[in-house]
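Participant: Take a look at the letters that make up each chain.
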Amino acid sequence: MRRPKFATALPAIVRQASSTVMLVATALVLMTGSGLFALFLEASGDQLLPQRSIQIFSSAASASTDYKLSFIIASPGVLGSIKAEFCSNDPIVDDACTVPSGFDISGATLASQSGETGFTIGAGTNANNLILSRTPTASTVQSVSYTLANVINPSTIGSYYVRLQTFAAADASGARTDHGGLAFAINDNISITSKVPPYLLFCSGVSITNFDCDSATGSYINFGNFSAASTSSSSTQLVIATNATSGYEIGYQGSTLTSGTNVIAGLATSDVSRPGVSQFGINLMGNQDPTVGQNPQGPGVGGPASGYNQANIYKFVSNDIIATDGSTSDYKKYTISYITNIAKDQSPGVYVSTLTYVATANF
Amino acid sequence: MSEVRRLIQQGTLALAVAIIGVAAVLPSLFGSSVASAAQVTSRKITMSSSAPGATGVTYTASFVTPTGGTIQGVVIDFCANSPLLGDTCTTGSGSLTGFTLGGTTPSVSQTGLSGTGSWTAASSSPFNTLKYTNGSATSISASTTITVTISGVTNPTPAAYPGSFYARIALFATSAAATSYTSTSPGAYVDAGGDALSTAQNISITAKVFETLSFCVFQVTCGTAASLTLGDPTTGALSSSSAYANGNAWYTIATNAGSGVSVVMRGTTLCNTSVAACQSGTASVNTITPLTTTPTAVSTGTGTEQFGMCVDKNASAPLTTAAAYTDSLAACHGIATGVLSTANTFGFDNTAVISASGSQVVSSSAAVPVVTGSFVFAANIAPTTEAAIYTTSLNMVATSTF
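Top to bottom, those sequences are chains A and B.
Residue 249 in my numbering sits at position 249 of the first sequence, and the numbers go up by one each step.
Whatever position you read off the second sequence (first residue = 1), add 1000 for my numbering.
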């Protein structure tokens, strides 16, 4: 009762019509194990399995992946085994099969099953033949699916085919009940590469508009004439950003204000501004005493370091770190406030200091 | 052996034709009972099917009667061996095996015979002889074209090919004479003639159309893996001030699956693969944050981490692009590789992409002719995007449902 090989090309309605004619016999089967009688409608025979598909979970060549076979049982009747033969030439059952190079389903495990269940990997399974076997049991027209894990894909890209067959026997022997072909494709992955180069954006100036280093202007501040009665102050600005994973540190180097051998003492320890006391110090905050500077601005999460992070408290120690961020940093603008006080006996002169700010990114 | 039989049969046919020809010239050879008979001319029998054993076949006999006068009976006698009236008629074997006119009252119609009265068809086992009579029929003119159409005939299944068989046509002046006809004693007919027919085996053609799914992802031609650089064409670097696109991942797809095809994507967003969590797509750092299932104009998001894709289905009607990967500006078509300055929209269903089932990117509900389209990728970075080389390997899987 085998249908010719070209049956797959026949319109479904023709196949249905021809098979309906054969749907005539019933068999009374003695279930000796249970002592029950069951009336089975014999399979009409060799219909095309509808709604059949094979879903592979990776289409990469030689990948070890899962395969999910799905279809609808076409002919109700005894179902004991399902055979899936994998070929590289065509899905026509009974044609000679070219084994796909590199393909191996012999080590697969049946990860899940639905619909008609109770199957295990059967004897006869080899590199390109999978046999799902169970004790022959009546089946009904319903959707079924079987997921096989650890299937090795073919090693070459291209189209491949599966020949599905169902059998009443548990070992895929005898006349098949139904059949159907499937196709799937093995492909190269799409590889995408992008570079994000390391960067450290850092600039200084008396004034910087927003976070635009191109707008930085000035590198010189003039305190004018010092007075023992009041504090002299001024400010400069720094902008920094980096994609260094471990962030950045900003330090400074230089001397306190000097005029020849005369010195305005740098604040070796943090202190408030004290007019009449020789002091030179900085911080990175908005201060009220005197009114100078502003708090850090911008989306970056970094901030001033200890000693420089309190309003109205100043310090000057060359090589100190004045700002840090422990991770990648978006734009941050720091305003450095400078204060100078002198004692009444401060020697006259032109006091000068050159400070160098250094930013170090930690990638 | 069959070749010998064929030659014998051909010889028999040649002889028959020769005899018919002689009979037309020398009617006296047919015996005294047909001394005045002439041969019907332009005779032919057309079979609606020549397939051996075919049932429900219509035989249309057509001929011109040379002699005018009253015709109340037409006999058409089918034989395996000879078209000659009076010869023994072989039936039920040889080239006439299985032949039947359909029963005792074959279905027959006519044109050209007298319209007076009614014509009755009769046959008897083995139903190879039609006797078509009308006792009320009146005279017809000479040179009248007569057609007798017999429906419901079962063709013979010959024992060997060619399956030639014959018909003997005889016209009678009275219905009684026609009714009395036998093959070997045809009686006094007015006009007569022989015809030859043949069954012929059908030409069987087999063609296979097997299940197909052709799906190839490539960069130049099928077989060249798509390996894309997403960023500045010279340095390959992304920038927080420009969005970049790359549309050099092409695909072709075709299937004859009646229930269509679904293409899903699996993988991760762009990720610094030196970070282990990248492999699962769950890393929160060292990744380029993917877009969402709502397509977004990447070019307007510079300074923000974004990675997404759109699908160009090349205006294919059967294909449908998944919502997440639909470019609302230009259907993802014609996007140049390099800096992206147009407001094309991209998406990325990261949850689905990293799942076992993948994220559907394009599908159809019916068969798809060959379509060549592309997957277009786009990315932005933030100023804080960690310095690294970011990669991803995206696997496109097509599943057809037949």
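Note that these hints are calculated values from the structure, not bench results.
One or more hints might be untrue.
What the hints assert, rightly or not - Covered by chain B, per the in silico footprint, the following chain A stretches (three or more residues, Cβ under 8 Å): (1) 76-85; (2) 88-101; (3) 140-149; (4) 182-196; (5) 323-333.
What the hints assert, rightly or not - Reference excerpt, derived from the structure (chain B facing chain A, CB under 8 Å, subset only): (6) Phe-1127; (7) Lys-1208; (8) Leu-1213; (9) Val-1220; (10) Thr-1221; (11) Gly-1223; (12) Ser-1227; (13) Leu-1238; (14) Ala-1249; (15) Ala-1387; (16) Ala-1388; (17) Ile-1389; (18) Leu-1394; (19) Asn-1395; (20) Ala-1398.
Don't be surprised by glycine CBs; every beta carbon is placed ideally from N, CA and C.
Participant: Does each hint hold? Answer for all of them.
Facilitator: Here's how the hints hold up against the structure:
1. 76-85: This one is violated; 0 residues, fewer than the three required, reach chain B with a Cβ under 8 Å.
2. 88-101: Coverage by chain B holds here, the residue count being 3 at a Cβ distance below 8 Å.
3. 140-149: violated (count 0)
4. 182-196: This one holds; 14 residues, not fewer than the three required, reach chain B with a Cβ under 8 Å.
5. 323-333: holds (count 5)
6. Phe-1127: Violated. Min distance 28 Å.
7. Lys-1208: holds (6 Å)
8. Leu-1213: With Cβ-Cβ at 4 Å, under 8 Å, it holds.
9. Val-1220: Hint violated; Val-1220/B Cβ to chain A Cβ min 12 Å, cut 8 Å.
10. Thr-1221: violated (12 Å)
11. Gly-1223: Holds - the Cβ of Gly-1223/B comes within 8 Å of chain A, reaching about 7 Å at its closest.
12. Ser-1227: At 5 Å from the nearest chain A Cβ, Ser-1227/B passes the 8 Å test, so the hint holds.
13. Leu-1238: Hint holds; Leu-1238/B Cβ to chain A Cβ min 5 Å, cut 8 Å.
14. Ala-1249: holds (5 Å)
15. Ala-1387: Holds. Min distance 4 Å.
16. Ala-1388: Ala-1388/B check passes; min Cβ-Cβ to chain A is 6 Å, inside 8 Å.
17. Ile-1389: At 5 Å from the nearest chain A Cβ, Ile-1389/B passes the 8 Å test, so the hint holds.
18. Leu-1394: With Cβ-Cβ at 4 Å, under 8 Å, it holds.
19. Asn-1395: holds (5 Å)
20. Ala-1398: Given a least distance of 5 Å, the restraint on Ala-1398/B holds.
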